[in-house]
Amino acid sequence: MDTTGGGHRTVGRDEAEMLSVSRAFADRMATRRSLRHFSSRPVPVAVVEQAVRAAATAPSGANVQPWRFVVVTDPERKRRLRAAAEAEEREFYERRATADWLAAIAPLGTDWRKPFLTDAPVVIVVFEVHQGPNTPRPYYVKESVGIAVGVLITALHHAGLATLTHTPSPMRFLNEVCERPAEERPYVVMPVGYAAPEATVPCLRRKSLQEVMVRL
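Following the UniProt record's numbering, the numbering of the sequence shown begins with 1 at its first residue and continues without gaps.
Honestly, the hints are just simulated from the structure, not real lab data. Note that the coordinates shown come from a computational prediction; the quantities given were computed from them, not determined experimentally. Check the hints yourself; a few may be wrong.
[Said to hold, decoys possible] Taking CB as the label site, the calculated pair distances span:
id	residue 1	residue 2	range
1	Glu76	Arg215	16 to 22 Å
2	Arg206	Gly109	31 to 37 Å
3	Ala104	Pro181	50 to 56 Å
4	Pro202	Phe25	20 to 26 Å
5	Pro197	Pro136	43 to 49 Å
6	Pro136	Pro42	36 to 42 Å
7	Gln50	Ala104	31 to 37 Å
8	Pro133	Ala62	18 to 24 Å
9	Glu76	Pro133	28 to 34 Å
10	Val71	Asp100	19 to 25 Å
11	Thr135	Ala97	41 to 47 Å
12	Tyr93	Ala199	29 to 35 Å
13	Val45	Pro107	30 to 36 Å
14	His158	Asp14	40 to 46 Å
[Unchecked claim] Straight-line C-alpha distance at most 25 Å; calculated DMTMM-like pairs for lysine to aspartate or glutamate:
id	residue 1	residue 2
15	Lys78	Glu88
16	Lys78	Asp111
17	Lys142	Glu128
18	Lys207	Asp119
19	Lys207	Glu143
20	Lys78	Asp14
21	Lys78	Glu179
22	Lys78	Glu49
23	Lys142	Glu94
24	Lys142	Glu198
25	Lys78	Glu176
26	Lys78	Glu128
27	Lys142	Glu176
28	Lys78	Asp119
29	Lys78	Glu198
30	Lys142	Glu49
31	Lys78	Glu91
32	Lys207	Glu88
33	Lys207	Asp100
34	Lys78	Asp100
For glycine and all other residues, C-beta sits at the position ideal for the given N, C-alpha and C.
Build out the structure end to end from the sequences listed, making use of the hints.
Next up, the structure:
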């Protein structure tokens with residue numbers, strides 16, 4: 001990599017190597033699954049930090065980098081997080097969720113109970129950072145943070161850790177639990193760890209390449 005003139009120039013690969021690397025990466029990502037049953041086995045926090053470091057390389061509107069990654073390991077704070085999330089989720093499942101939504105998630109076997117928020121040794125709460133007293137105006141915030149979360153999921157899987165994207169509704173309670181200012185808005189909650197010994201995942205079909213890609 002060349003940094004002449006303050007920039008970066010990537011050294012390319014030949015086509016055969018490119019295909020080999022891209023195929024191996026796609027094969028590895030094909031093994032990724034969202035997990036809801038976690039072991040309490042500790043994970044190396046340094047590995048989580050490197051995954052967050054990778055996520056922070058994501059592109060963002062005007063390079064403002066409008067994200068905050070709150071890494072929660074304290075058991076009492078995770079307990080508070082779970083209690084608040086389950087209160088919101090119970091209200092959602094029992095009163096606000098539509099019949100179509102409940103039917104769509106039925107194969108996942110999920111409900112208002114969220115034990116993974118205390119079982120997983122690490123919970124990452126991702127916030128969007130909006131304009132505030134000490135923060136510049138951001139652009140394309142949701143798009144930017146969404147890309148960063150995608151990189152984070154990929155980095156965790158690549159390192160051998162499992163995760164789940166959890167979006168309780170509403171999520172403002174996370175500001176209080178995580179002690180974050182009003183200009184930071186919760187985006188997603190991600191428990192991180194290893195699968196519990198008895199963990200299973202639903203047998204779901206992923207769409208084929210031919211179904212998701214169009215060549216023009």
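Hint check:
1. Remark: the range hint 16 to 22 Å for Glu76 to Arg215 is contradicted by a beta-carbon distance near 53 Å.
2. Checking the proposed 31 to 37 Å range against Arg206 and Gly109 shows it is violated: the Cβ atoms sit about 18 Å from each other.
3. The hinted range of 50 to 56 Å is not satisfied by Ala104 and Pro181, whose Cβ atoms lie roughly 35 Å apart.
4. Checked against the hint of 20 to 26 Å, the pair Pro202 and Phe25 passes, with Cβ atoms roughly 24 Å apart.
5. For Pro197 paired with Pro136, a C-beta distance near 47 Å keeps the hint of 43 to 49 Å intact.
6. Take Pro136 and Pro42: their Cβ atoms lie about 37 Å apart, and the range 36 to 42 Å holds.
7. For Gln50 paired with Ala104, a C-beta distance near 35 Å keeps the hint of 31 to 37 Å intact.
8. Here the CB-CB span from Pro133 to Ala62 is close to 19 Å, well matched to the stated 18 to 24 Å.
9. Glu76 and Pro133 have their C-beta atoms about 30 Å apart, which keeps the hinted 28 to 34 Å range intact.
10. Between Val71 and Asp100 the beta carbons are some 35 Å apart, a value that contradicts the proposed interval 19 to 25 Å.
11. Taking the beta carbon of each, Thr135 and Ala97 are about 34 Å apart, not inside 41 to 47 Å as hinted.
12. Between Tyr93 and Ala199 the beta carbon distance is about 22 Å. The supplied range of 29 to 35 Å is therefore violated.
13. As the Cβ distance of Val45 to Pro107 is approximately 34 Å, the hint placing it in 30 to 36 Å holds.
14. At about 24 Å, the CB distance of His158 to Asp14 disagrees with the hint of 40 to 46 Å.
15. For the hint pairing Lys78 with Glu88, the CA-to-CA distance comes to about 15 Å; that is within 25 Å, so the pair holds.
16. Restraint check for Lys78 and Asp111: the C-alpha separation of about 19 Å stays at or below 25 Å, so the hint holds.
17. Restraint check for Lys142 and Glu128: satisfied, since their Cα atoms lie roughly 7 Å apart, inside the 25 Å limit.
18. Between Lys207 and Asp119 the alpha-carbon distance is near 31 Å, which puts this suggested pair outside the 25 Å criterion.
19. For the hint linking Lys207 to Glu143, the alpha-carbon distance of about 23 Å falls within 25 Å, and the restraint holds.
20. At roughly 47 Å between alpha-carbon atoms, Lys78 and Asp14 are farther apart than 25 Å, so this suggested pair is violated.
21. Taken as a hint, the Lys78 and Glu179 pair is honoured in the structure, with Cα atoms around 13 Å apart against an allowance of 25 Å.
22. Under the criterion of a C-alpha separation no larger than 25 Å, the hint pairing Lys78 with Glu49 is consistent with the structure, at around 18 Å.
23. A threshold of 25 Å between alpha carbons decides the hint, and for Lys142 with Glu94 the separation of about 28 Å lies outside it, so the pair is violated.
24. Restraint check for Lys142 and Glu198: not satisfied, since their Cα atoms lie roughly 35 Å apart, outside the 25 Å limit.
25. About 13 Å separates the Cα atoms of Lys78 and Glu176, which keeps this hinted pair within 25 Å; it holds.
26. Distance check on the hinted pair: Lys78 and Glu128 sit about 20 Å apart at the alpha-carbon level, within 25 Å; holds.
27. For a cut-off of 25 Å, the pair hint linking Lys142 to Glu176 stands: about 21 Å separates their Cα positions.
28. A C-alpha spacing of about 9 Å is found between Lys78 and Asp119, which places the hinted pair at or below 25 Å, so the restraint holds.
29. Taking the CA atoms of Lys78 and Glu198, the gap is about 22 Å. The hint holds against a cut of 25 Å.
30. Taking the CA atoms of Lys142 and Glu49, the gap is about 22 Å. The hint holds against a cut of 25 Å.
31. Taking the CA atoms of Lys78 and Glu91, the gap is about 20 Å. The hint holds against a cut of 25 Å.
32. For the hint linking Lys207 to Glu88, the alpha-carbon distance of about 32 Å lies beyond 25 Å, and the restraint is violated.
33. Restraint check: the Cα-Cα separation between Lys207 and Asp100 comes to about 21 Å, which is no more than 25 Å; the hinted pair holds.
34. Distance hint between Lys78 and Asp100 is unfulfilled; the C-alpha atoms sit about 31 Å from each other, more than 25 Å.
Against the hints set out earlier in the document, violations occur for numbers 1, 2, 3, 10, 11, 12, 14, 18, 20, 23, 24, 32, 34.
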